[in-house]
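First to last, the protein sequences are chains W and S. Residue 83 in my numbering sits at position 83 of the first sequence; the count goes up by one each step and never skips. Residue 35 in my numbering sits at position 35 of the second sequence; the count goes up by one each step and never skips.
Keep in mind that a hint or two might mislead.
[To be verified] Quick list of simulated restraints, FRET-style, between CB atoms:
#, chain 1, residue 1, chain 2, residue 2, range
1, S, 54, W, 108, 37 to 45 Å
2, W, 78, S, 18, 48 to 56 Å
3, S, 9, W, 63, 29 to 37 Å
[As the list claims (entries may be wrong)] Incomplete in silico selection of chain S near chain W, CB under 8 Å:
#, residue
4, 33
5, 42
6, 43
7, 45
8, 48
9, 58
10, 90
11, 105
12, 106
13, 107
14, 109
15, 110
16, 111
Just so you know, the hints here were simulated from the structure itself, not pulled from any lab data. Glycine included, C-beta positions come from ideal geometry on N, C-alpha and C.
For reference, the chains in residue letters:
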Amino acid sequence: KQEVTQIPAALSVPEGENLVLNCSFTDSAIYNLQWFRQDPGKGLTSLLLIQSSQREQTSGRLNASLDKSSGRSTLYIAASQPGDSATYLCAVEKGNTPLVFGKGTRLSVIA
Amino acid sequence: NAGVTQTPKFQVLKTGQSMTLQCAQDMNHEYMSWYRQDPGMGLRLIHYSVGAGITDQGEVPNGYNVSRSTTEDFPLRLLSAAPSQTSVYFCASSTRRLGQRRYNEQFFGPGTRLTVL
Numbered sequence: 001k002q003e004v005t006q007i008p009a010a011l012s013v014p015e016g017e018n019l020v021l022n023c024s025f026t027d028s029a030i031y032n033l034q035w036f037r038q039d040p041g042k043g044l045t046s047l048l049l050i051q052s053s054q055r056e057q058t059s060g061r062l063n064a065s066l067d068k069s070s071g072r073s074t075l076y077i078a079a080s081q082p083g084d085s086a087t088y089l090c091a092v093e094k095g096n097t098p099l100v101f102g103k104g105t106r107l108s109v110i111a
Numbered sequence: 001n002a003g004v005t006q007t008p009k010f011q012v013l014k015t016g017q018s019m020t021l022q023c024a025q026d027m028n029h030e031y032m033s034w035y036r037q038d039p040g041m042g043l044r045l046i047h048y049s050v051g052a053g054i055t056d057q058g059e060v061p062n063g064y065n066v067s068r069s070t071t072e073d074f075p076l077r078l079l080s081a082a083p084s085q086t087s088v089y090f091c092a093s094s095t096r097r098l099g100q101r102r103y104n105e106q107f108f109g110p111g112t113r114l115t116v117l
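For reference, chain S alone in the conformation it holds in the complex (with noise of 0.2 Å):
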């Protein structure tokens, strides 16, 4: 059980390039969202979703797309690389109480050091 695992580690893009941060979790959980952590601002919510086929914009979407055409995998695109998205990036993932609501615990990748140059 390998967790919320997150690829590449690090990752340096000049402005306009593009990529897409991968992030897998096989606990078959249906939650699972982007965060980005700046110092002085704290984790902010770039994306999430719900289940299969759904996603939903968090906090600070600008920038960036994603899609999850599987239970597993999560992926997060940056269209167009610019120096405000310089960044760590988590990755989280969480199953849903059954019936209910609410959520379990959430389970966090060990990130992706981004800088845009």
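The following block holds chain W by itself, in its conformation from the complex (with noise of 0.2 Å):
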């Protein structure tokens, strides 16, 4: 059973840091993945889709990395802004089995 884990589960960070969000799985065998955004008392965002073909996505500032034999994803946000606070969720996806998620890293951005 795919389980998808991220880390840390909360971060703080001070306005214009640099930082890192952490996805792991442990199933390798994944077609694609998913970074989201969700606000508090809102729906998920689609940030950022990797295909396993692939090793990395931008969008912005944001940019994401794939190394699947690892089973890893990284969430690289530059110049961190406190409109970035939010919680971010990565999710895999396997053929015709839907998205597994993660349970999410609470960001927050300090002014």
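Each of the two chains sits in its own frame; use the hints to bring them together as a complex.
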């Protein structure tokens, strides 16, 4: 059974700092990995999707990498801002089975 | 293009009552799913559908029914509500990559916050 772990569970950083969020998964035979953002009381917003054949994806200040063989992904946020404060979730997909989610990392960026 | 919509946004039920959570998408996505999100448990899959007329169980299907009569709609029915079903429910949709088994980016609705007393 696929398990997804995100470390740390919570993170607090000063504004302007670069930071890395980690995601690991137990079954490396995935088709893609997706990073989401969730604001309090809101739904999930897709940030980046990395296909299994790719090693990274970038969108603005966000960069996500994927190392399938080691079962790891990282989300790099450059020059963090208070508006980046949210919970970040990663999820993996394998074939016809739906997404399996980690429990998320709650990020606070302090002005 | 409204994306994925869910109604109602909030609902309070008494134990034993039944109700239907509505989910609709206007992106012609084949794949739709329902998740529940609980503190400390993360998102857990309830039911999913890979197309009209096809549904399957997820990780926590007990106490819930689904049907998929159209591509656009995927309602979730609570048969006899229990306090353990107090949660936030999310619907999601996606399209399959042409000729492949993998899916494209998944889109989520805003959620329904359900309280069962």
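Tested hints:
The beta-carbon spacing between residue 54 of chain S and residue 108 of chain W, approximately 42 Å, falls within the hinted interval of 37 to 45 Å. Separated by about 49 Å at the C-beta atoms, residue 78 of chain W and residue 18 of chain S satisfy the suggested range of 48 to 56 Å. Taking 29 to 37 Å as the suggested C-beta distance range, the pair residue 9 of chain S and residue 63 of chain W conforms, at roughly 34 Å. Of the supplied interface hints, the one on residue 33 of chain S holds, with its beta-carbon coming within about 5 Å of a beta-carbon of chain W, less than 8 Å.
Nearest Cβ of chain W to the Cβ of residue 42 of chain S: about 4 Å, under the 8 Å cut. The hint holds. A hinted interface residue such as residue 43 of chain S counts as satisfied when its beta carbon comes closer than 8 Å to some beta carbon of chain W; here the least separation is about 4 Å, so the hint holds. A cut of 8 Å between beta carbons decides the hint on residue 45 of chain S: the least distance to chain W is about 5 Å, and the hint holds. The restraint placing residue 48 of chain S at the interface with chain W holds, with a minimum CB-CB distance near 5 Å, inside the 8 Å limit.
Against a cut-off of 8 Å between C-beta atoms, the interface hint on residue 58 of chain S holds, since the closest Cβ of chain W lies about 7 Å away. Because the beta carbon of residue 90 of chain S sits about 6 Å from the nearest beta carbon in chain W, less than 8 Å, this interface hint is met. Interface restraint check for residue 105 of chain S: the shortest CB-CB distance to chain W comes to about 5 Å, inside 8 Å, so the restraint holds. Given the 8 Å rule on beta carbons, the hint for residue 106 of chain S holds: about 6 Å separates it from the nearest Cβ of chain W.
Taken as an interface hint, residue 107 of chain S checks out: its beta carbon lies about 7 Å from the nearest beta carbon of chain W, inside 8 Å. Of the supplied interface hints, the one on residue 109 of chain S holds, with its beta-carbon coming within about 6 Å of a beta-carbon of chain W, less than 8 Å. The interface hint given for residue 110 of chain S holds, since its Cβ lies 4 Å from the closest Cβ of chain W, which is under the 8 Å cut-off. Here the hint on residue 111 of chain S is kept, as its CB sits about 5 Å from the closest CB of chain W, short of 8 Å.
Checked against the numbered hints above, the structure violates none of them.
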